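Each chain is listed here by its residues.
2 protein chains.
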Amino acid sequence: MQALIERIQRDAVHIGGGIVKVDSFLNHQVDASLMAAIGAEFVRRFTALGVTGISKIITAEVSGILPALSTAQVLGVPLVYARKQMSKTMTDQYFEATAESRTRGTQVLLRVSQRFLGPADRVLLIDDFLATGSTIDALLGIVGHSGATLCGIGCVIEKPAEGGRERLAGFQTPIETLAKIEWRDNEINVYG
Amino acid sequence: MQALIERIQRDAVHIGGGIVKVDSFLNHQVDASLMAAIGAEFVRRFTALGVTGISKIITAEVSGILPALSTAQVLGVPLVYARKQMSKTMTDQYFEATAESRTRGTQVLLRVSQRFLGPADRVLLIDDFLATGSTIDALLGIVGHSGATLCGIGCVIEKPAEGGRERLAGFQTPIETLAKIEWRDNEINVYG
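Which chain is which? The protein sequence lines are A and B, in order.
Using our numbering, read the first sequence as starting at 1 and increasing by one per residue.
Using our numbering, read the second sequence as starting at 1 and increasing by one per residue.
Everything labelled a hint here was simulated from the structure, so no lab data went into it.
What you were told as hints is all true, and nothing was included just to trick you.
Since copy identity is lost for identical chains, a pair holds within one copy or between any two.
Keeping only pairs whose Cα atoms sit at most 16 Å apart, straight-line, the calculated EDC-like set for lysine to aspartate or glutamate is:
hint, residue 1, residue 2
1, K21, D11
2, K88, E100
3, K180, E166
4, K21, D92
5, K180, E6
6, K84, E61
7, K21, E187
8, K21, E6
9, K180, D11
Quantities reported herein were computed from a predicted structural model and do not represent experimental measurements.
Using the sequences and the accompanying hints, generate a full structural model.
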């Protein structure tokens, strides 16, 4: 996605260890118009692949919510975001799975209410990053437990060096990412 | 906002202690089309009040992000969401303020990068709930420290019994809420 690639080239900051900071347009300050275009691009790509009848978008809080909401708005279907913290209003039965957060160095338990995902659902998973694939793997575990049909995975930015695509290959579902980032010879290389 | 009021009447669940669960359409599963309409309604109301020249929407993670992104997309301006957890990519100087979370029973530190808010900004604050006003009060502290101009506060659901509107009165800025919920005689009362 050319507009995204150019934005990453212009504004992303490498802060060491392969970690790229995109907080000026993606996950702290958010370019709302770019985010709307990202949602439209995911829909265009999965439609081109013949993926139809999506009933729900799934993601995990926090920063996955932005591209996921944009995609859900284009499709006109609900979004379900897995929650990471319990609150007093969480009184349901939950599908649960554990993910590691590389940028935080911790493990987090993801929860999705059993009221909002079931065998009748056809699910598209949307997230901001495909890096190690840990969060997505956990979400796919939740989708599997629910009996819903997984139709595809869409991530805004992929970091191929971290192996997420290989980790998720066994799910045999299309994976679309809108920009790829590599760290090579002390420079960020961004491509489609 | 009639569509929202009817949705709350149909789907909100009171789980005791005045806490209302709206996780089937607002903050776990999200009705993406309703959320788009909520964004449009905030813009319509603040425009009608003569509020113009908004340069940024501000909110706090997690559930404020949804109505805030929708509003930012209608206005075509960036959204900035205050972060609650540190991560390895947070290497800036931050404006900070503390809020209490009633549904979690904890205190949280909100952070906004000093790169994304400053004296040139005209800010509209958008959040999902106006209850005690603690989170919003903290966000307004951050807006104040940044030197930005506060133009208004918009919340999806207000719980007037918890006093948030009174707490925020000193900021002398318009407060728009799209539905109000009261808990009286063991029944939820929803109105505009």
